[in-house]
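Student: Okay, here's what each chain looks like letter by letter:
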Amino acid sequence: MCGIVGLFLKNKTLEPALGEMLSKMLVTMSARGPDSAGMAIYGASHGDKVKLTLRAEDVTSIDDLVAELSAVLTAPLDVSVRANHFVVAIVRDDEAAALRWLKIHKSELQLVSVGSNMEIYKDVGLPAHVVSEFGLSTMSGSHGIGHTRMATESAITIDGAHPFSTGQDQCLVHNGSLSNHNSIRRNLVREGMTFSTQNDSEVAAGYLTWRMSKGDSLKQSLTSSLDDLDGFFTFVVGTRTGFAVLRDPIACKPAIMAESDDYVAFGSEYRALSVLPAIEKARVFEPEPATVYAWERS
Amino acid sequence: MPTFDLAVTTVRDVNLALHQLTPDTNQTAWQIENPQGKHAIGVGINVPVELEINGHVGYYCAGMNKHASIRIHGNAGTGVAENMMSGTVHVMGDASQSAGATGCGGLLIIDGDASARCGISMKGIDILVKGSIGSMSAFMAQAGNLVVFGDAGDALGDSIYEATIFVRGKVKSLGADCIEKPMTPEDRERLSELLGRAGMEGAAEIDDFRMYGSARELYHFHVDNIANY
Numbered sequence: 001m002c003g004i005v006g007l008f009l010k011n012k013t014l015e016p017a018l019g020e021m022l023s024k025m026l027v028t029m030s031a032r033g034p035d036s037a038g039m040a041i042y043g044a045s046h047g048d049k050v051k052l053t054l055r056a057e058d059v060t061s062i063d064d065l066v067a068e069l070s071a072v073l074t075a076p077l078d079v080s081v082r083a084n085h086f087v088v089a090i091v092r093d094d095e096a097a098a099l100r101w102l103k104i105h106k107s108e109l110q111l112v113s114v115g116s117n118m119e120i121y122k123d124v125g126l127p128a129h130v131v132s133e134f135g136l137s138t139m140s141g142s143h144g145i146g147h148t149r150m151a152t153e154s155a156i157t158i159d160g161a162h163p164f165s166t167g168q169d170q171c172l173v174h175n176g177s178l179s180n181h182n183s184i185r186r187n188l189v190r191e192g193m194t195f196s197t198q199n200d201s202e203v204a205a206g207y208l209t210w211r212m213s214k215g216d217s218l219k220q221s222l223t224s225s226l227d228d229l230d231g232f233f234t235f236v237v238g239t240r241t242g243f244a245v246l247r248d249p250i251a252c253k254p255a256i257m258a259e260s261d262d263y264v265a266f267g268s269e270y271r272a273l274s275v276l277p278a279i280e281k282a283r284v285f286e287p288e289p290a291t292v293y294a295w296e297r298s
Numbered sequence: 001m002p003t004f005d006l007a008v009t010t011v012r013d014v015n016l017a018l019h020q021l022t023p024d025t026n027q028t029a030w031q032i033e034n035p036q037g038k039h040a041i042g043v044g045i046n047v048p049v050e051l052e053i054n055g056h057v058g059y060y061c062a063g064m065n066k067h068a069s070i071r072i073h074g075n076a077g078t079g080v081a082e083n084m085m086s087g088t089v090h091v092m093g094d095a096s097q098s099a100g101a102t103g104c105g106g107l108l109i110i111d112g113d114a115s116a117r118c119g120i121s122m123k124g125i126d127i128l129v130k131g132s133i134g135s136m137s138a139f140m141a142q143a144g145n146l147v148v149f150g151d152a153g154d155a156l157g158d159s160i161y162e163a164t165i166f167v168r169g170k171v172k173s174l175g176a177d178c179i180e181k182p183m184t185p186e187d188r189e190r191l192s193e194l195l196g197r198a199g200m201e202g203a204a205e206i207d208d209f210r211m212y213g214s215a216r217e218l219y220h221f222h223v224d225n226i227a228n229y
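Protein chains in written order, with full-length UniProt numbering: chain A, 1 to 298; chain B, 1 to 229.
Pulled out of the complex, with its shape left as it was, chain A reads as follows (with noise of 0.2 Å):
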């Protein structure tokens, strides 16, 4: 089943509260994915400093990490934790030496996101107990996409869990299932793309990447993933300025969108948006098959 939240907000006062809301709009589909739940947030920069956002098995060592990666950066670096989580905020320059240090050094250590903006959460459990482990509730933005996740395909795991996110300040989350992902998967490889689980979904948001690595847009990514992809999905995608939402040509899975000048909200029930301040007076309407709707950040 799976349940997807997306909020973008327009109206940038209510930017400190996108945390909040989006809470609320995720716990709301717990009934539709109890298994694990994510986040990804677009908040603010850090400067001109890249964010990655690396998952710890054991945070006690976070200290001890901090002292190791300094050395082999050129500028100081800031660190954050939630959880299991932490961000670790570096110059541009040293971002290849980082990754590449973290890879032979600390590979027990998951690289979630990589982005000027996004920052991505997620973990096994109930949505309730995922999103006040982070503290969801505290974090401002301008745009967020939320998962919640039944497990039908593979293990109840952190692996399986949504968004995705494949290339710097782009993430997706997806209700479905594709049945052409291996070969998606092995011709994206021969591009030198790489994977980091056998997951399907993480095969789409792949294939976005690397269409708009080829100069497509988010919107013409996603209209081009209509001939290409195979299955039932509905797609929310984020990118550090732009909020997009696709279906699938039979339009299976459920999607309730709602639009209004403080923002565009996304549910795959309307029980979602209920909870959206003002909802009452927003345009409520449900996306059709296979057409791409997409907003971009001024």
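Calculated directly from the structure, the hints in this document are not laboratory data. We put the beta carbon where it would ideally sit given N, CA and C, even for glycine. Be aware that one or more of the hints could be misleading.
[Claimed, not checked] Mimicking BS3-like on lysine-lysine, the simulated pairs with C-alpha atoms at most 30 Å apart in a straight line are:
1. LYS253(A) <-> LYS123(B)
2. LYS106(A) <-> LYS49(A)
3. LYS253(A) <-> LYS170(B)
[To be verified] Derived coverage of chain B by chain A (criterion: at least 3 residues anywhere in the stretch with Cβ under 8 Å from a Cβ of chain A; other residues may be distant):
4. 73 to 79
5. 90 to 98
Chain A is fixed; fit chain B onto it per the hints.
Tutor: Here is chain B on its own, set in the frame of chain A:
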């Protein structure tokens, strides 16, 4: 008028109270506030009461309805009035997928649009949509009438049996074995009666509608196909 507030009462308790009503009840007018998209509101009512639901509802609202007249002042999620037996369900906003699915009787009115698979496998229900309907509507529809004031999406009436579809707007494409048919005086009479029953008499000219139904080539055994078995 007895009122339930779903912000404080559970759907289960509301439905239980409605199920306990007897056909001779004096409490014939009911109201539900704050539905907030909850599922299965007003399912399985079996008495001639009037129920007003003030807000958007989730999945399967008014499913299996018998005798009751239910009005939803908002949008409805998947499967509104699913398997309705009799009575009336009126959605004043849009309806999501599979509106009126497998309905055996009664009347479903949708003021806005209905999305994919409206009237899928309908078995005698009448459905009137003032807006447009999505793709694969009236799939395998067996009996009853689907009337659409707006447009219809792809594959209308795919594998249809003996239901009838009337569309005033454009049909994007017809499904397998669904064809346009000339309207007989009886068909015109049936459409006119249905518009009257939905309070839409005079809202549209009968001549503006085109009628679609089964070519009956898919579900009848055809001797030329014997070699395929």
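Student: Within 30 Å, alpha carbon to alpha carbon, are LYS106(A) and LYS49(A)?
Tutor: This hinted pair holds, its Cα atoms lying about 21 Å apart.
Student: Verify the proposed pairing of LYS253(A) with LYS170(B), using a straight-line Cα cut of 30 Å.
Tutor: 26 Å, holds
Student: How does the coverage statement for the stretch 90 to 98 of chain B fare against chain A, requiring three or more residues with Cβ below 8 Å from a Cβ of that chain?
Tutor: holds (count 4)
Student: If you draw a straight line from the CA of LYS253(A) to the CA of LYS123(B), is it 30 Å or shorter?
Tutor: Distance of about 25 Å is within 30 Å: holds.
Student: Can the stretch 73 to 79 of chain B be counted as covered by chain A under the rule of three residues or more with Cβ-Cβ separation shorter than 8 Å?
Tutor: holds (count 3)
Consistency with the previously given hints is maintained throughout, with no hint failing.
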